[in-house]
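Undergrad: Read off the chains here:
Protein chains: 2
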Amino acid sequence: MLKYQIVIDDLRLAIKNGTYPAYSQLPSVSKLCEQYEVSKITINKALGELEAQGLISRRRGSGSFVKKVETSSAAPDANDTSGQMTGFLAEHQARGESVRTEVYDFSVVRPPHHVAEALDVDDDSFTYHVCRVRRANDIPRVIEYTYMPIDVVTDLKLKNVQTSIYSFIEKDLGLKIASAHRVIRAVMPSAEERKRLNVPEGEPLLEVEQVGYLDDGRPFEYSVSRHVHDYEFHSISTK
Amino acid sequence: MLKYQIVIDDLRLAIKNGTYPAYSQLPSVSKLCEQYEVSKITINKALGELEAQGLISRRRGSGSFVKKVETSSAAPDANDTSGQMTGFLAEHQARGESVRTEVYDFSVVRPPHHVAEALDVDDDSFTYHVCRVRRANDIPRVIEYTYMPIDVVTDLKLKNVQTSIYSFIEKDLGLKIASAHRVIRAVMPSAEERKRLNVPEGEPLLEVEQVGYLDDGRPFEYSVSRHVHDYEFHSISTK
DNA sequence: AAGTGGTCTAGACCACTTC
DNA sequence: AAGTGGTCTAGACCACTTC
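Line by line, the protein sequences give chains A and B. Just so you know, we're using the UniProt record's numbering here: the first sequence kicks off at 1 and counts up by one. Just so you know, we're using the UniProt record's numbering here: the second sequence kicks off at 1 and counts up by one.
Think of the hints as simulated: they come from the structure by calculation, not from any bench. Computed from a predicted model, the values in this text were never measured in an experiment. Think of the CB as a built atom: it goes at the ideal place given N, C-alpha and C, for glycine as much as any other residue. Hints are not guaranteed to be accurate.
[To be verified] Pair by pair, the computed Cβ-Cβ distance ranges are:
| hint | chain 1 | residue 1 | chain 2 | residue 2 | range |
| --- | --- | --- | --- | --- | --- |
| 1 | B | Ser28 | A | Ala52 | 25 to 33 Å |
| 2 | A | Ser125 | B | Leu173 | 51 to 59 Å |
| 3 | A | Ser125 | B | Thr238 | 34 to 42 Å |
[To be verified] Listed next, the in silico DSSO-like pairs over lysine-lysine satisfying Cα-Cα at most 30 Å (straight line):
| hint | chain 1 | residue 1 | chain 2 | residue 2 |
| --- | --- | --- | --- | --- |
| 4 | B | Lys40 | A | Lys40 |
| 5 | B | Lys40 | A | Lys176 |
| 6 | A | Lys16 | A | Lys68 |
| 7 | A | Lys45 | A | Lys239 |
| 8 | A | Lys176 | B | Lys16 |
| 9 | A | Lys239 | B | Lys159 |
| 10 | A | Lys171 | B | Lys68 |
| 11 | B | Lys45 | B | Lys31 |
| 12 | A | Lys239 | B | Lys45 |
| 13 | B | Lys157 | A | Lys68 |
When you get a sec, could you build the whole thing from the sequences and use the hints?
TA: Structure, rendered in structure tokens:
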């Protein structure tokens, strides 16, 4: 296990259990170096991560301080933001929820122009198109429209679409998903979407338009996910 | 100027102007060390930042690659995500847009329970409450409801509320805004909000609930901003 | 002046990929 | 075996805050 990860986990725990309460100052970097018997750069990396996770604030010249964050609220259990690269199935299964997927379309099509552009393929190339509704604990949560180039995500099967495309890409194809660019908007569902998601008229959805990238820089996925009204997207930003 | 910042800026530029086109491999870390005459750690920090900004992908054992990102789209000009800590006035003025603010309420109140909790103040303490609509180029963009503890944001004046609260906090009070935690949802506006924002019935808003923190860990602001329908929130996540 | 965090170095060692 | 990036060290030097 990496040293900086040990420091991160340990400090996270210490903050959570009250060893370092809100507003308190963490031991200085040099103290932490002694405590964990690591170098300054290791401590620095760990503190930077905790800062990015929103737990502490670092002030040059005076010290690192524990932030007073709301621990209750909708935040499920652990580091919320980490769930953003896992995919629907893994995320909900981790919470012990049952997952069901209904596939409305699984076909190969020529992509719309803006999709071809995002995926960096020709307009007359072929892409998979998937439309599915995903349920957690039997409640419809999201309708997804996904396009993937057939020469990147090769040999996709209905079975994978019904379970987890991400798992197929990473485990079966051996590709590595590296990052995702997202644009988030509020939208109204179409009549068809209302029916498929079982939402009443007049209720908005949260739309997440996403381009997913592999670790070689290739986009492998363009998707639009429309989440039912009670869905929340979390974000932490640092100066 | 910091060495890693020079490397970041230079590589950003080189990627943007096509010196390193999409899918190409950047020079190896050791090559970059030679080119910029800096140590490995400096290059590493720069590449990490470029990765977080979504421009490159790093693969242990094989190299760093330029991602194929959509350069057009709604992304205004520079690094979009950076605008997330600047505030409405600074952000729109930077784009050369005129900004107008209409203040509907500026008062001192006892905060609702969930607000008191987020701000870590007693339920019977006093907070400023501000409701304002902000226009850019004379079009209503967002309605904000903001609560701030009176003993943190001391002596707030109508003048500041009409221009920029962030600027007041940082420049006049000399405090440092460090981070923000956000929750994003799709909502329907109330009749009053529709009127104030001049939006038609049946159009949703994007709600951003935010707690802002100072660099000593204190929350200084709880706000709910409801953005008109065409607003987009951008986010990049990395594994 | 003393204490804090931030940057940077030269170099070691390691994990992983490619050939 | 050679090349890639990732982690880590001991220590220097600096920017900033506090007293």
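Undergrad: For every hint, state whether the structure bears it out.
TA: Comparing the hints with the structure gives:
At about 27 Å, the CB distance of Ser28(B) to Ala52(A) agrees with the hint of 25 to 33 Å. For the hinted restraint 51 to 59 Å between Ser125(A) and Leu173(B), the CB-CB distance of approximately 56 Å keeps it satisfied. Hint check: Ser125(A) to Thr238(B), Cβ distance near 27 Å, so the stated range 34 to 42 Å is violated. Proximity of Lys40(B) to Lys40(A) is assessed by CA-CA distance (about 16 Å); at most 30 Å being required, the pair is judged to hold.
Restraint check for Lys40(B) and Lys176(A): the C-alpha separation of about 25 Å stays at or below 30 Å, so the hint holds. Among the hinted pairs, Lys16(A) with Lys68(A) is consistent with the structure: their alpha-carbon atoms are about 11 Å apart, no more than 30 Å. Taking the CA atoms of Lys45(A) and Lys239(A), the gap is about 17 Å. The hint holds against a cut of 30 Å. Our distance criterion of 30 Å between C-alpha atoms is met by Lys176(A) and Lys16(B), whose separation comes to about 25 Å.
Restraint check for Lys239(A) and Lys159(B): satisfied, since their Cα atoms lie roughly 25 Å apart, inside the 30 Å limit. Annotation: proposed proximity of Lys171(A) to Lys68(B) holds, straight-line Cα distance about 24 Å (limit 30 Å). Simply put, Lys45(B) and Lys31(B) have alpha-carbon atoms about 15 Å apart, close enough for the 30 Å limit, and the pair holds. Annotation: proposed proximity of Lys239(A) to Lys45(B) holds, straight-line Cα distance about 17 Å (limit 30 Å).
Distance restraint check for Lys157(B) and Lys68(A): the Cα-Cα separation of roughly 26 Å lies within the 30 Å cut-off, and the hinted pair is therefore satisfied.
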